[in-house]
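I would like the entire structure built from these sequences, with the hints used as guidance.
Quick note, the sequences are listed as chains A and B, same order.
One point on numbering: in my numbering, the residue at position 68 of the first sequence is 68, and numbering is uninterrupted.
One point on numbering: in my numbering, the residue at position 267 of the second sequence is 267, and numbering is uninterrupted.
Read the hints as simulated data drawn from the structure, not as lab findings.
Since the model is a prediction, treat every value here as computed from it, not as a measurement.
The beta-carbon is built from N, C-alpha and C at its ideal position, and this holds for glycine as well.
Be aware that a few hints might be false.
To be verified - Straight-line C-alpha distance at most 30 Å; calculated BS3-like pairs for lysine-lysine:
| id | chain 1 | residue 1 | chain 2 | residue 2 |
| --- | --- | --- | --- | --- |
| 1 | A | Lys71 | B | Lys302 |
| 2 | B | Lys406 | A | Lys3 |
| 3 | B | Lys451 | A | Lys2 |
| 4 | A | Lys59 | B | Lys108 |
| 5 | A | Lys21 | B | Lys108 |
| 6 | A | Lys62 | B | Lys3 |
| 7 | A | Lys62 | B | Lys227 |
| 8 | A | Lys49 | B | Lys227 |
| 9 | A | Lys40 | B | Lys210 |
| 10 | A | Lys30 | B | Lys201 |
| 11 | A | Lys63 | A | Lys3 |
| 12 | B | Lys451 | A | Lys40 |
| 13 | B | Lys222 | A | Lys59 |
| 14 | B | Lys3 | A | Lys59 |
| 15 | B | Lys457 | A | Lys21 |
| 16 | A | Lys2 | B | Lys302 |
| 17 | A | Lys40 | B | Lys2 |
| 18 | A | Lys30 | B | Lys302 |
| 19 | B | Lys210 | A | Lys71 |
| 20 | B | Lys108 | A | Lys72 |
| 21 | A | Lys72 | B | Lys3 |
| 22 | B | Lys558 | B | Lys457 |
| 23 | A | Lys63 | B | Lys201 |
| 24 | A | Lys21 | B | Lys227 |
| 25 | B | Lys451 | B | Lys558 |
| 26 | B | Lys222 | A | Lys2 |
| 27 | A | Lys72 | B | Lys201 |
| 28 | A | Lys49 | A | Lys71 |
| 29 | B | Lys210 | A | Lys2 |
| 30 | B | Lys210 | A | Lys21 |
| 31 | B | Lys105 | A | Lys40 |
| 32 | B | Lys2 | A | Lys71 |
Said to hold, decoys possible - For each label pair, taking beta carbons as the anchor points, the in silico distance ranges come out as:
| id | chain 1 | residue 1 | chain 2 | residue 2 | range |
| --- | --- | --- | --- | --- | --- |
| 33 | A | Lys59 | B | Asp442 | 49 to 55 Å |
| 34 | B | Tyr161 | A | Lys59 | 52 to 58 Å |
| 35 | B | Ser202 | A | Lys59 | 30 to 36 Å |
| 36 | B | Gly80 | A | Lys59 | 39 to 45 Å |
| 37 | A | Lys59 | B | Ala580 | 38 to 44 Å |
| 38 | A | Lys59 | B | Leu158 | 49 to 55 Å |
| 39 | B | Thr453 | A | Lys59 | 31 to 37 Å |
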Amino acid sequence: MKKTFRLEGLGCANCAAKMEKAINELDGVKNATVNFLTTKMVIEAEDEKMASIIEQAEKIIKKIEPDVVVKKA
Amino acid sequence: MKKQLGKIIVSTLLFLLALLTESFLASPFSFWLAILLFLASYLLTGGEVILRAVRNIRGGNVFDENFLMSIATIGAFVIGEYPEGVAVMLFYQVGELFQSYAVNKSRKSIAQLMDIRPEYANVKRGEELVRLEPDEVAVGEIVVIKPGERVPLDGKVLAGYSMVDTTALTGESVPREVGVGDEILSGCINMNGVLTVEVIKSYEDSTVAKILDLVENASSRKSRSEKFITRFAQIYTPVVVIIAALLALIPPLVLPEATFSDWVYRALTFLVVSCPCALVISIPLSFFGGIGGASASGILVKGSNYLEALAKAEVVVFDKTGTLTKGVFKVQEIHSENLSAEKLLELAAYAEHYSNHPISRSLLEAYKQDIDNERIGKVEEIPGHGIVAWVDGQEIMVGNHRLMEKMAIPYYQGELGGTVVHVAVNGGYAGYILIADEVKPDALKTIEKLKLTNIQKTVMLTGDTHEVGRKVAQDLGIDQVYAQLLPGDKVEKLEELLTQKSANGRLVYVGDGINDAPVLARADIGIAMGALGSDAAIEAADIVIMNDEPSKVVTVMKIARKTLGIAQQNAVFAIGIKVAVLILSAIGLATMWEAVFADVGVTVLAILNSFRTLTATNPG
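Spelled out as structure tokens, the structure:
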């Protein structure tokens, strides 16, 4: 399953790279990308783990850049 | 952003005031006043940075730019370099402001390039028109598209006639006509008439959604330079910070004359250039700009790795039919022994009237006039040979050389590049009609231009006969031809070609994606052409050319080389300047002012440089 989110207020390219790396390391994630330019995050993960992955991903994002708002695209 | 600017201006004024106080008023009181003003100025610009640094440390992120800037500036205060501390923070904030302006601008121009998303659909529900989001419309519903509106979903025209602008999808500026029964693709703009369209694909399967998805996700397939930068950024900051720490501690302990404040100052300068931001932003931006620029001219690139590989292309292999040629058979030459050419064509067209063979269709098309059925008598088809028909009471034989041999009629046996249809009237040879596929108008120019670049070899693969293959290759100036290949043979030939190229060179295969998916997949870079509306081709290829012009291959190669060049310039420039500043500050030649200026300046220049990829689209 693939889900796309918009990261409003994503302001730092290095942070986007850090988020991408951390989310990719989560259990059950097949592939995650955080695109600094389109401010889009795409997570591809196993269906049953998706909900918890999204929750963890939001935490990671908040930790790296607290001003970012995660929205469904 | 305005608030940020206001803060910077006030802070700058305070800073200038502090500098004046410090240099012109010579009393103990003025010294403290200056420090107070420096502090006020510093906190106004840098307070936020320090807050963020503290928050991030609590979150477990130590080496981020906020932290580094805070340490560098606070350190400057501690060793008594007040103006430096404030100036570094000020410059840093000015740089950030400029950077976010540049990033916003590039985000906007990229969004503009991809501004093909339809916003609404006018759906007919009963007698009423309801305005809905395109993804709320089901297959089979009827939508009405007014002039000036974007086609929301792929569909079939039920009523109306109009011209549609397909520029956004194909890069083609000539509008296309559509009428009842025609398919219409989402993302196009309806220009003049009102169209009533039956939806044939849901929004997520529609052309526009597929294209957007493809381009937006292109960055997930990263190029080698992007991967390098990510890894570089991960080790660069910690390494610089560690060196800075060593620089502050070791020389003062080891060298007799070295003072702590001097070496701490040098170490703090290190911290100022320790953020890899210039690289991390500008390189992906270059690639994204290249991909965006390509999609604006009707070329979809599925990942920056393909753009990078394309810049190293050495061999270009083309499929013939549908790629270099139009894939439609057309009468090219009529050679008649004693009748007029028109008469020969007329007789052949009459004889072939009832046949559905593509060759017969092209004869009828060339003849152009209506067929009078009364004139045709008995018709007999001899499979694999041709047709024997009675037209106007004459026995007409139309077919290949086997038919002539079977009927023992002497015929023209020279080599011709195409399918030859021999015609005999009442048992005597009357002449032949040459039917061949037509070369696309820009094919010759494409091959010529490819040869001017660093492409070493052009090759053509075809399932057609050797004569036809040789003729087309000769006309176009292609170096090598392999003819009479079955689809499976094409993969084999391609593998053979792959072994012949140099280790660093890349092989590009250009096909129409209809029956050459395995070949597209096997090549280093598979380019599918004329893919508008063909899902299979979009799936199989790495790069998709939306219209059917082979010259777009040249365009995308040009974009690829320019993009890679800009990315490399940025990498060399950014790393070079940083290393230079590091060396200069280690030996005590660079001040903190210069370091922060270099750091911010490099980032801004690199971003501006990568903007150039967005305009790399015009082939010259």
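Quick one: which hint numbers does this structure break? Sort them smallest to largest. 2, 3, 12, 15, 23, 39
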